[in-house]
Amino acid sequence: MTQTLTASPSTQAPPGLTFDAVAMRFPDGTQAVEEASFSVAPGEFVSIVGPSGCGKSTLLKITAGLLDATGGHVGIGPGNLGYVFQDATLLPWRTVRGNVELLGELEGMPKAQRRTAAQEAIDLVGLGGFESKYPKSLSGGMKMRASLARALTLQPSTFLFDEPFGALDEITRERLNDELLALFERERFAGLFITHSIAEAVFLSTRVLVMSARPGRIVGDFEVPFAYPRKPELRFEPAFAELSGRVSESLRGAFA
Amino acid sequence: MSAMPSTPAVPASDVDVAAPTAMGGAGGRIALRERGTSFAALVIPPLLVFLVVIGAWILVSQVILAESKRFLLPPPWAVVDVAFLDGHNRAELFTSLWLTTKAAMVGLFLSIVIGMGTAIAMSQAKWVERSLYPYAVVLQTIPVLALVPLVGFTLGYNFSSRVFVVVLIALFPVITNTLFGLLSVDQGHHDLFSLHKGGRITRLVKLQLPAAMPAIFTGLRIAAGASVIGAVVGDFFFQQGTPGIGTLMNTYASELESERLYAAVILSSSLGIVVFLAVTWLERRVVGRWHTATRGTR
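Here the protein sequences come in this chain order: A and B.
Quick note on numbering: my numbering labels position 249 of the first sequence as 249, and the sequence is numbered without any gaps.
Quick note on numbering: my numbering labels position 115 of the second sequence as 1115, and the sequence is numbered without any gaps.
Bound-form chain A, shown alone (with noise of 0.2 Å):
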């Protein structure tokens, strides 16, 4: 499996992610994943909606090295690897600047270079004020913009995204998708997201894939028409809502 979490352009792998008949069984028997083949691009935004349980963590988290698939190979371009986790998991003992800084701390990166480049990240996600306050005073959707900051210090060509926003209020929710569509249109990095809510992927991505229960494989797969940058009302509109509709509808096979 090529593995490439930071800028070194020693692959071969073509820039973004690609996917090659990736298999998960783990050692219980379960299969998690069965044969999932498919690429994202650069500037592609490609989100995956299934049941829970149905291996789309996994998934990321094969991406990403946290596990060996059992089969298949996943390649990822040369640049740095962004991942948002389920929850923030920020360190409670670190101020928002703190946990900004870490992953440059981890990587090595000199200390001015990563106090720019945190300072940077917590403006664009709108904490600017909030940087030496602990996580325990932040609110549940300013935890995760810091943990969408951290990440974004690394300046990641490629970003994963693991639910991230699942446990917010519905108006926090959006608010978020809001803004990442922004930094999206910004960064033009290629994004995986996943996500248990249709109208979140639809609004988000330039391609959304629908995965079956247990054994996870790919069962629909949608091109996104809408032409960026998306307006909040979109998600108003008769298109999305057919859009919405049909994979809604391809959703609902996935689970038989």
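Hints listed in this document are in silico derivations from the structure and should not be mistaken for laboratory results.
Since we're looking at a predicted model, the values are computed, not measured.
Using N, Cα and C, we set each Cβ at its ideal position, and we do this for glycine too.
Keep in mind that a hint or two might mislead.
To be verified - Here chain A is said to cover these stretches of chain B; the calculated rule only asks that three of the stretch's residues, wherever they fall, bring their Cβ under 8 Å from a Cβ of chain A:
1) 1183–1191
2) 1204–1213
3) 1280–1291
To be verified - Calculated Cβ distances over 12 Å to all of chain B for the following chain A residues:
4) P14
5) D20
6) A23
7) D28
8) E34
9) S37
10) F38
11) P51
12) P92
13) A112
14) Q113
15) R115
16) D162
17) A213
18) S250
Got chain A; can you put chain B on it based on the hints?
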């Protein structure tokens, strides 16, 4: 799918601060409550209890006990008069208390160093944990009282054997709580460090030790109290050499010097309280800013 009306774009932070989320909200409320607790609210309740205890003491000593039995519980003023206002007695008590304090503190310090070292080694390699943990448990389950005379035989009746007894008693809570803290790091945090090539040492220093701090302090608080008890127990057995406060208790008890006996008991428990408060203060300094101790919300 939701049919929520679209919300006009407002600066993000405005919305989020107000957004009700279970975790953030609860944390903030508890923090507020603690900051709002006034000095009076902190001091008056225990002070009232103190007055009640003194009142009961006087009641038992002066009213309930017959005059012939008053030596069992002399009134507070007699204790103060005999033990603390008499220069000779006071010097004797405080010299002994100082010796016991030294034994307790040196023992506590050694327990922290050895205990945390052991727990860190255990957290790094499963085989170390498997080899050492049973003996840590044994340390806790053997009756230390039975061991103390043996310690006297082998190490001699000097300062170091008092310290040894303290370590015997205070080591276990440090080991278990530190180990528990080091091993209960969130899996998501471990994944985060794995993703960014956090090595063993980095992970220990930047993730496991800070995460373990609240648990370590729980262990320290238990160990701090235990160290004082250990030192007094040591005194009881090591009658030879300079007397510790426990030695004095023994002597006073056998001589029916009840005023000074009560004074010795009060002094040794005050020592325990001071050590406990010192650890609590340190805990606030180290983890107070980010950690809110879990307690029932009332």
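Do the hints match the structure? See the list:
1. 1183–1191: It holds: at least three residues are needed, and the segment 1183–1191 of chain B offers 4 whose Cβ sits within less than 8 Å of chain A.
2. 1204–1213: holds (count 5)
3. 1280–1291: Result for this restraint: holds, n = 4.
4. P14: holds, 22 Å
5. D20: About 22 Å separates D20(A) from the closest Cβ of chain B, which puts it past 12 Å; holds.
6. A23: holds, 21 Å
7. D28: holds, 18 Å
8. E34: holds, 24 Å
9. S37: Per Cβ check, S37(A) is outside 12 Å of chain B; nearest 24 Å; holds.
10. F38: holds, 22 Å
11. P51: Holds, since 17 Å exceeds 12 Å.
12. P92: Nearest chain B Cβ is 5 Å from P92(A), so the label is violated.
13. A112: holds, 19 Å
14. Q113: holds, 16 Å
15. R115: holds, 17 Å
16. D162: Check fails; 10 Å does not lie beyond 12 Å.
17. A213: holds, 21 Å
18. S250: holds, 15 Å
In this structure, the earlier hints numbered 12, 16 are contradicted, and the remaining ones agree with it.
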